[in-house]
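**Q** Spelled out from the first residue to the last, the chains are:
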Amino acid sequence: MRLPCPICGERDRREFYYQGDAVALDRPARDAGGAAWDDYLHNRDNPAGETRDLWHHAAGCGAWIVVTRDTVTHAVSGAKLVGAKR
Amino acid sequence: MGYSGFKVIKEGLFGQKGWKPVWRDPAPKAEYDVVIIGGGGHGLSTAYYLAKEHGITNVAVLEKGYIGGGNVGRNTTIVRANYMLPGNSEFYSHSLKLWEGMEQDLNYNTMMSQRGVMMLCHSDGQRDYFARRGNSMVNQGDDAELLTPEQVRAEAPMIDFDNVRFPIYGGLMHRRGGTARHDAVAWGYARGADTRGVDLIQNCEVTGIDIEGGVVRGVQTTRGAIRAKKVAIVVAGRSSQVAAMAGMRLPIESHVLQAFVSEGLKPIMPGVISFGMGHFYISQSDKGGLVFGGDLDFYASYAARGNLPMKEHVMDAAMTLMPSIGKAKVLRSWGGIMDMSPDGSPIIDKTDTEGLFLNCGWCYGGFKAVPGSGFSYAHLIATGQHHAPAARYRLDRFRTGAGLMDEEGTGSQHNLH
Chain U
1 MRLPCPICGE
11 RDRREFYYQG
21 DAVALDRPAR
31 DAGGAAWDDY
41 LHNRDNPAGE
51 TRDLWHHAAG
61 CGAWIVVTRD
71 TVTHAVSGAK
81 LVGAKR
Chain L
1001 MGYSGFKVIK
1011 EGLFGQKGWK
1021 PVWRDPAPKA
1031 EYDVVIIGGG
1041 GHGLSTAYYL
1051 AKEHGITNVA
1061 VLEKGYIGGG
1071 NVGRNTTIVR
1081 ANYMLPGNSE
1091 FYSHSLKLWE
1101 GMEQDLNYNT
1111 MMSQRGVMML
1121 CHSDGQRDYF
1131 ARRGNSMVNQ
1141 GDDAELLTPE
1151 QVRAEAPMID
1161 FDNVRFPIYG
1171 GLMHRRGGTA
1181 RHDAVAWGYA
1191 RGADTRGVDL
1201 IQNCEVTGID
1211 IEGGVVRGVQ
1221 TTRGAIRAKK
1231 VAIVVAGRSS
1241 QVAAMAGMRL
1251 PIESHVLQAF
1261 VSEGLKPIMP
1271 GVISFGMGHF
1281 YISQSDKGGL
1291 VFGGDLDFYA
1301 SYAARGNLPM
1311 KEHVMDAAMT
1321 LMPSIGKAKV
1331 LRSWGGIMDM
1341 SPDGSPIIDK
1351 TDTEGLFLNC
1361 GWCYGGFKAV
1371 PGSGFSYAHL
1381 IATGQHHAPA
1391 ARYRLDRFRT
1401 GAGLMDEEGT
1411 GSQHNLH
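Protein chains in written order, with the numbering used here: chain U, 1 to 86; chain L, 1001 to 1417.
Bear in mind the hints are in silico, worked out from the structure with no lab data behind them. Backbone N, C-alpha and C define an ideal beta-carbon position, used for all residues, glycine too. One or more of the hints may lead you astray.
A few chain L residues facing chain U, derived, Cβ under 7 Å [to be verified]:
1. 1104
2. 1107
3. 1108
4. 1240
5. 1252
6. 1303
7. 1311
Please take these sequences and the hints and turn them into a complete structure.
**A** Here it is, written out as structure tokens:
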């Protein structure tokens, strides 16, 4: 698997550290309540198909990127910097 | 069908034409008392114990593929009860006792071989942890022996004792652990359930779960609608998809775990050796193949095949532990889809929908749990009460934070187990 870092270009998967589902970017408000926080921390759509997850280019430029990827085929369709999302 | 040495010889002489299918291939009925979604090891053992322990035989097991084609036929066949934390400790202890009586109970040769599971340690701290873990195992009533390096050498002379990074400080031996023939476990439970009247329905994929007023009514399948008083989900890596049919979102991520088998070799491995610091474990099958594996690939995946970096890591660990393995050729590798829970421990529980039950989160340890999981799940389905050894496997422990079982001590969140 190769991931397209927006800064460095396409690089080997070994350079990246997997940081989990991109749902982590959608942090609830402090006072959102227990149910919202439980959902955020634990529950996942866990799709068999297209997913968005976070990868840290640990052995590269250090960027955190959001990768759009197919969990069934491992095909990678895109990536952008985490900051670019907002 | 009966089996005997005489029958094997007779069939060998007459072209193997006398064997009959061991279980029926029924069409689904319109209604069952219990529908079990998933015909893997856990689903089959659930059906078996529903029939045997609770007399509930109007049961269907719905399998989208074929019996034995999922994770129960794609694992490294290790059986053990060497957990430390309350919750896991009593559950796997119960499961191991069922393993020990399985062949007599099923009247089927599952090739259960208690050849021992030995974990290796490489530092004083790790040895202290093994002493504590061994005490927990003994307190649970299971067996554990803390081995000196000399004792490890007597058990496993082929490993490298002088590795600079990972010197052998000792081991924790669990002699009642071992391996079993994974396919035979599936077949044995399938036959046992079928002969008690359970319908094993293959090539039948569930496409929907019917719920009315908060009560489950049945399922929609590729072979038509089936009404059911109770529906039990036990689908491992596909738990999120099936639970979504009931409007649930689970604390589960599906990850890929790879395993490898070498060409057949003369006996070299005494039992199962676990080299935890290298995320590596190895045993030898009765056919002679070295069966070994490592850690998850560590990204969400349903691909049932892994990537090269983890293969390299596993081969590196193999060479670190026992350089003599270097000349062995790898025959094949495969990836299985693991239903990973945040704390690395499973879930056997009711759901908010009346009559709908959930069994998932076995991570990479589902095989050894096959009898215990089915026994406890059947108890829950039949009686509505949690079975004591599995009473802590609650779905709400993540929400409440009470009763988390983080065996590795890495934290209860995704991607850490």
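**Q** Hint by hint, note whether the structure agrees.
**A** Taking the hints in turn, this is what the structure says about them:
1. 1104: violated, 39 Å
2. 1107: Constraint on residue 1107 (chain L) not satisfied, violated at 38 Å.
3. 1108: With a minimum Cβ separation of about 34 Å from chain U (threshold 7 Å), the hint on residue 1108 (chain L) is violated.
4. 1240: Holds, about 4 Å.
5. 1252: holds, 6 Å
6. 1303: Since chain U brings a Cβ to about 5 Å from residue 1303 (chain L), closer than 7 Å, the hint holds.
7. 1311: violated, 12 Å
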